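K.L.:
Listed below, chain by chain, are the residues.
Number of protein chains: 2
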Amino acid sequence: MRSQKYVYSFNEGDGSNHYLFGGKGAGLCEMTKIGLPVPPGFVITTEACRNFFEEGQTLSEPLRRQVLEGMRALETATGRRFGQRHHPLLVSVRSGAAVSMPGMMDTILNLGLTQQTLEGLVEETQNERFVWDAYRRFLQLYGKIALNIPADALDHLLEEAKREVNVTQDVELDVSALKKLCDRLIKTIEAHTQTPFHENSWDQLFLAIAAVFNSWMGKRAVDYRKQFNITPDMANGTAVNIVAMVFGNMGVSSATGVAFTRDPATGEDRLFGEYLINAQGEDVVAGIRTPKPIDNLADEMPETYRELQGVRQTLERHYREVQDFEFTIERGKLYVLQTRNGKLNARATVKTSVDMHREGLITKKEALLRVTPEHITQLMHPHIDPKQKPSPLTQGIPAAPGAASGKIVLDPDRAEDLKKRGKDPLILLREETKPEDIHGFFASEGILTLRGGKTSHAAVVARGMGKPCVVGCEDLTINLDTSEIFIGSQKLREGDWLTIDGSSGEVYTGRVPTIEPQMDEDLNTLLRWADETRTLGVRANVDTPEAARKALTLGAEGIGLCRTERMFNAPDRLSIVQEMILADTEEKRRDAIQRLLPFQRSDFKEILKAMEGKPVTVRLLDPPLHEFLPDPESLILEVENLKDFSGTLRALEELPGIIRMLDPSLHEYLPPIERVLKDLGKIKKRREDEAYLQKKEELLKKVKALSEVNPMLGHRGIRLGITYPEIYEMQIQALLEAAAELLKEGIDVRPEIMVPQVCTAQELKWVHRMVEKIHKDVEARFGISVPLHFGTMVEVVRACMRAGRLAEVADFFSFGTNDLTQATFSFSREDAENKFLPLYNERKILQDNPFEVLDQKGVGRLMMITIEWGRRTKPDLTIGICGEHGGHPASIEFCHNIGLTYVSCSVNRLPVARLAAARAKIREVRGKLPEGLDSEYPFVIYF
Amino acid sequence: MRSQKYVYSFNEGDGSNHYLFGGKGAGLCEMTKIGLPVPPGFVITTEACRNFFEEGQTLSEPLRRQVLEGMRALETATGRRFGQRHHPLLVSVRSGAAVSMPGMMDTILNLGLTQQTLEGLVEETQNERFVWDAYRRFLQLYGKIALNIPADALDHLLEEAKREVNVTQDVELDVSALKKLCDRLIKTIEAHTQTPFHENSWDQLFLAIAAVFNSWMGKRAVDYRKQFNITPDMANGTAVNIVAMVFGNMGVSSATGVAFTRDPATGEDRLFGEYLINAQGEDVVAGIRTPKPIDNLADEMPETYRELQGVRQTLERHYREVQDFEFTIERGKLYVLQTRNGKLNARATVKTSVDMHREGLITKKEALLRVTPEHITQLMHPHIDPKQKPSPLTQGIPAAPGAASGKIVLDPDRAEDLKKRGKDPLILLREETKPEDIHGFFASEGILTLRGGKTSHAAVVARGMGKPCVVGCEDLTINLDTSEIFIGSQKLREGDWLTIDGSSGEVYTGRVPTIEPQMDEDLNTLLRWADETRTLGVRANVDTPEAARKALTLGAEGIGLCRTERMFNAPDRLSIVQEMILADTEEKRRDAIQRLLPFQRSDFKEILKAMEGKPVTVRLLDPPLHEFLPDPESLILEVENLKDFSGTLRALEELPGIIRMLDPSLHEYLPPIERVLKDLGKIKKRREDEAYLQKKEELLKKVKALSEVNPMLGHRGIRLGITYPEIYEMQIQALLEAAAELLKEGIDVRPEIMVPQVCTAQELKWVHRMVEKIHKDVEARFGISVPLHFGTMVEVVRACMRAGRLAEVADFFSFGTNDLTQATFSFSREDAENKFLPLYNERKILQDNPFEVLDQKGVGRLMMITIEWGRRTKPDLTIGICGEHGGHPASIEFCHNIGLTYVSCSVNRLPVARLAAARAKIREVRGKLPEGLDSEYPFVIYF
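Heads up: the sequence lines are chains H and L, in that order. Every letter in the first sequence is one number past the one before it in the numbering used here, and letter 914, counting from 1, is 914. Every letter in the second sequence is one number past the one before it in the numbering used here, and letter 518, counting from 1, is 518.
Keep in mind that the hints were calculated from the coordinates and are not lab data. Here the structure is a predicted model, which is why all the values come from computation and not from measurement. Think of the CB as a built atom: it goes at the ideal place given N, C-alpha and C, for glycine as much as any other residue. Be a bit skeptical, because a hint or two may be false.
List of simulated lysine-lysine pairs, DSSO-like, C-alpha gap at most 27 angstroms [to be verified]: (1) H:K434 with L:K695; (2) L:K434 with H:K696; (3) L:K454 with L:K857; (4) H:K704 with L:K420; (5) H:K454 with L:K765; (6) L:K419 with L:K434; (7) L:K696 with L:K588; (8) L:K844 with H:K874; (9) H:K387 with H:K365; (10) H:K343 with H:K454.
Okay, the calculated bits of chain H under chain L, using three or more residues with CB under 8 angstroms as the criterion [stated by the list, open to error]: (11) 702-714; (12) 824-835.
A short list of chain H residues far from chain L (calculated; beta carbon distances all over 12 angstroms) [to be verified]: (13) G120; (14) D152; (15) K179; (16) L476.
Model the full assembly from the supplied sequences, consistent with the hints where possible.
P.N.:
Okay, structure coming up:
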């Protein structure tokens, strides 16, 4: 039998050793150490817990002896005696593991109360009701926790007691009712344990300690650890805290409350919280009485309020983080019972982190690590105004960020229909969604489901579309027959307004005001620090001058991707583009293209001007031409209808004449003339212009000729550029002329040309020759030197394999990880997200959706190969990323670690990217492979 | 001025030094050395040619001196004097570079003849006509080649001379006509050169030598070298051969002929050739007189015939390869003028190679290197019977192997139409083809185009479809208005029979008998030697028992790919498969699947049995389910037609009643009742069964739900297996039960299960668990141990990146290079081959079609990474390839070099693969990177 130290008084324990003392115990020790008014007590270590199981679930002699000594010390500290009638010592027994496991185990209060000691306490407090109430609480908790009696069997007696005296609240029970209740509780306990009730406090104490230890191996706790992957190196056994009881319900000079050291909703630097006079902690939670705002305490107990302000200061100075703490005032004396890091919303996190750095509490790096990219994401989406936030109706799992209000719709077909006809926004509410519901997603502002998790179909698809989504809202039920939705007793109907917050998972009835994202001063400050810290560049994916200007305000250092096809899609240009595609001679095609040139030039000019002094990477046309033509299905139907039923038409054409000629008495045998005329009109209209049919047929022929089996892998990007060189020539000319004109005006421009879908060095060289020729020509015509960088997208796997060759002609690479991910997985994004990815995530075949989270082991590996081979040819090669992953925090960290020059992301991800880049820099470990990559691979990593 | 040796007599020259002496010169030296009766002569080296250009296109003094010495030696050897009246020495001056450049330069004959020397020659030969004819030939050649006079200007005089004496053949010109002609030739030459004609033989000789040198830098030669990529390290300058003239036209004891040492069409071991008595070499070619078969010479000149047999033997013993040689008999004396390796057809190549090994002339390895995979390819396609082969109509570029006969069709629409209606095969004949002609390809047996090369659209698409194709047949013209085809004066019409040979490029009128491919004894012998030599395994891609049996006869060592979807497509099963897909409950789906099980089991049983003792790799279901459903376009139209025009229908329904009721005098105003009834019937039939419409609508809905934007990257392979596990369960069970039943019967079976489209190790582990469970279950039920290998396709790029992990669970990898190529290039094969690949090949952006020729630099690189990482985990990992590249010779060589275990190819590629694998083994260079791979990449190669 080892004779180790298992018991530490709060004065002795090392507050930083959570593993040994558990989170709660360490906190109590720490608070004691920094002089906060913690009730006296001691911790039994997690080691004692492990020893308990090694010894066959028995408390060892040394442990019992040390507990005894601990209790003796407690008696000395409090001037009370455990189990003694006069000034009895009451304690609470609380579990506490190294990792918080909420709801795993409960606390036993008022241990030390017996029929005998309660008499002494009554004498001491002169408050018989308080004492008997304390005793019945003890009996309930002790019975349930230490003796394993089903909670219902005991709680039921409390309900019965209230019924008998015809009251509804616990506090309305008088002393005699409480005495009777205690008597029944004891009888029930005895009935369950089949033995007389122990009234020895020491026995009860040891039984309670053993019960807490045992709860560590209880099914609930084991499941929880499995679910959250809590391994023995994180927490191994629970500690037990024995704390002297203090009471906030000992009269009007007593109180209990909870407080934050700063406002958790706004981050304001003031004490924030609420309290109840003459109450116990659980009364605050129970919501029977409405707690008062903490400021009121300044009037009710000015001295204690000042003490609390002191506690706040001490806590923050010590923990350097906003604290959420519990306190009790027992007859004027303040006790702090617990503290933990406060859960703040995004805005408050930003503000308190910036403020705390200014106050000298934390460093800039700490501030940057404290605010997570997810916080910024929340701020960059519409969110519920925290000042006007009502109580949520319910809460589900937050699956796609942002808030949205709309009318409930329960069916995707109906959603599509309503969307077409109505103006009100919609929220699609379903038990769960399936691939065939996809049109309902398009029609709605947000999605709410009753089932599913973060990787369910609804979640994956909504994130893909950037629509707010809450899933797994399991306390809702839908009655599809009546179109009613129930939550508890509340009823909603299809068409009622609902608001969902996909960042928090909260659901509200009605239209709750949302705040559009905006950058406040604190956020700007934080991001300035991020900019000072990070070494990874941050650019934006931008297609319009307006977006360019917005990107600048959000801190973009350039444009990493300017898609030129968006410019082709504008209504005034699409008809010219179609003309170009349908041209049957090169001459006609060139003519149409030349008419597009001025549009592109002026677009480029505006964007280059807006980004003065910063690089603008223009990607040459990428999508296949059929994307600019109408969809074949509707064309097929139209042509078919135009051609069909020629015999019927002729018959119908003659019918009205006949009807008019006939004796009216015969009319009843004929169809009404109006109907015939209507049908006829419908058909004739379609046929009257033979040329129209012919045109449609030709268009259909072209659409079919251009249509592709796998457009993702089709005739697009550079392949198009090589087949129809005049398109790229026009785009290059437009860009360089725009640049030249601006340079003439004295504006500093930095155009970059980027080629999409490159798979061989020959392709890139082909475009490079074209660029060089036009570049020289424009420079000669304008008599000015135009700076220009030339580079390639790396979005085709073969380009990765040929990186060494591509770098011979490219000034820069830019990873197009959207396409690269598709090609690496052989997943078509549209097909995958809608068909099998959710199942893959659910079954843990893939941890994430690789289109959201960069797949480091596959795509990332290809990127590493590319970087290594590319820089072997050209050591100073600029390498960026312009896929969606460029705005995803973990992916940005990976990009930093593998040595990318910059990330380029959508405009509203810029703040996230700036922060994530800074955090990556702070956390980088040089010489180590990025997390998650198997170390067996023999790659040299650039860091 | 260097004083080097530029001139070598045929006795001196090193016959193996083609670079210095040119091909012809080296051959003459070599033949002299081995004692063949070569006329005396000498070679002026290619170095002299280079020197000629360095010296500003002048013949250096040392060269002139050495030529003089050479001529003196020639005079001694022949007993004749150059430029002297008595016994004049005549020589030929011939060019000859290290690489054959046909048609680049001509030969000057009879140099040394002047007005003066020809008199001496007349005296000597007593044959005035012979001498004047020799003189006019000299004048023509010398004028054209040495003096650059346009050939027409001289040839025209010959035509004029024949016209004047009213004869049609050169030989009919008598002495006086020839004299007049020579006179005119000289006058014309003088008119062009503006100087009197040189009659000094020495001047003529040096001028001729300089002319030959100059021809090296002539436009024709420079273009030729560029076209065929002949670089200076291959040939640098031309040699000049000066050879004493011998004459086959000196009377009936003289003759000239060409011969092969073996029959070039059959490979038979006998002298083969033809000859003409009293003729010159060009007369054989000119076709004025019909040459006699060489066997006749045995009667006409028995002595010389024996000598020729000796020559044949000497040549073969020396060159160890079939020779194609020219000979002349001058007054009974045999001279060999030239020899080169004979061009044999495929069958003759195989036979002679096998025979020569048996005769001890060559080693097995040499035999295996001599027969190329292209030879085998020709033998494995239908080919024109060499014994019945008529003269071809014309010849184009062979673009896709095999022979086909059919009726000419000039338009793809018409081809489609004829195919639907008629039974006769078709040959599509077009100027060139375009993507929109693709339906014409499907309808035809072969394709013939007037324009384009081996990488034109027609060539690429035809190869993809495996149809014979000849392109670039430029001497054909088409008149589309009259549907006539012209070649010279010959006319063909659309509908006429035509035969094309895509292996040779030859085109024949009519139906030429073709031979179906078959394995003869020689080929089998050669392939047995290949099997002894190669270390790379060869398996077949086979889906049916019949194919399995055929594969065995062609030498398959197992089945590397058995596609199970083919079994689903059989008519008796497709309806069950559709039932399975359309099932709305898992129960119904499982029910349909269970009905498929017996089919699959019996298929597997037959195949396993046929391949007794050899591995059979079964690939679980790969294609997306919508491939088993009807195409959506036709369904859309059908549903639309069923739904439309309901008003019209009602109107029409009443119309016949009306018409019948009316006074017949009114009938003329109405549409004929028959027409109305017909239209009505058409519509009603479609609508009469509402359930039919509903069923179609449901089907359409399902088809649409399953349809995919990019099916190549869609819901298929393992993704399907995970979504609908019951399908894979059934297939695995069917295979293992089939194996168990056979084992019970005492048959040795080696089943292997292969999973398609794998991209993560988790997927593979998922199927592996399924396989293990069913495996155990089957073994228990049958009470027998069933051997089983489990592996994965590597056809998704990510699988390459995760090879290390996949190898933990896989016994084998099999590269699916069809899909892998698509994913690596981001090219959809169907879209690429039809849309932009031909242009890519034409512009040399890609050298080959990567779907035919394995792309070593991209896809090959990925394969090397995969092999390295896979074998790092499991050193004895079996790795194969089952993409089409597994049957492509250069790709097979690459597979051997990077360490693959086996290739698996289509059945009729098996012989090619066996030979290619053997050749790869013979040629392998250990420790060297495969050709074409940049050496900068840091991969360890397994060889």
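K.L.:
All hints, please: hold or fail.
P.N.:
The hints, checked one at a time:
Taken as a hint, the H:K434 and L:K695 pair is honoured in the structure, with Cα atoms around 22 angstroms apart against an allowance of 27 angstroms. Taken as a hint, the L:K434 and H:K696 pair is honoured in the structure, with Cα atoms around 22 angstroms apart against an allowance of 27 angstroms. Distance hint between L:K454 and L:K857 is fulfilled; the C-alpha atoms sit about 22 angstroms from each other, no more than 27 angstroms. With a C-alpha separation of about 22 angstroms, the suggested pairing of H:K704 with L:K420 holds against the 27 angstroms cut-off.
The suggested pairing of H:K454 with L:K765 holds, with an alpha-carbon distance near 24 angstroms, which does not exceed 27 angstroms. At roughly 20 angstroms between alpha-carbon atoms, L:K419 and L:K434 fall within 27 angstroms of each other, so this suggested pair holds. Note on L:K696 and L:K588: the hinted pairing holds, with a Cα-Cα distance of about 19 angstroms set against a maximum of 27 angstroms. With a C-alpha separation of about 25 angstroms, the suggested pairing of L:K844 with H:K874 holds against the 27 angstroms cut-off.
For the hint pairing H:K387 with H:K365, the CA-to-CA distance comes to about 30 angstroms; that exceeds 27 angstroms, so the pair is violated. Restraint check for H:K343 and H:K454: the C-alpha separation of about 22 angstroms stays at or below 27 angstroms, so the hint holds. Requiring three or more residues with a Cβ within less than 8 angstroms of a Cβ of chain L, the coverage given for the stretch 702-714 of chain H holds, as 8 such residues are present. For the stretch 824-835 of chain H, the stated coverage by chain L holds: 9 residues have a C-beta nearer than 8 angstroms to a C-beta of that chain, and at least 3 were required.
Distance check on H:G120: its Cβ is at least 65 angstroms (rounded) from any Cβ of chain L, clearing the 12 angstroms threshold; non-interface status holds. Every C-beta of chain L lies more than 12 angstroms from that of H:D152, the closest at about 39 angstroms, which supports listing it as non-interface. Consistency note on H:K179: stated as away from chain L, and its beta-carbon is indeed over 12 angstroms from all of that chain's, at 61 angstroms minimum. Every Cβ of chain L is farther than 12 angstroms from the Cβ of H:L476; the closest lies at roughly 26 angstroms, confirming the non-interface assignment.
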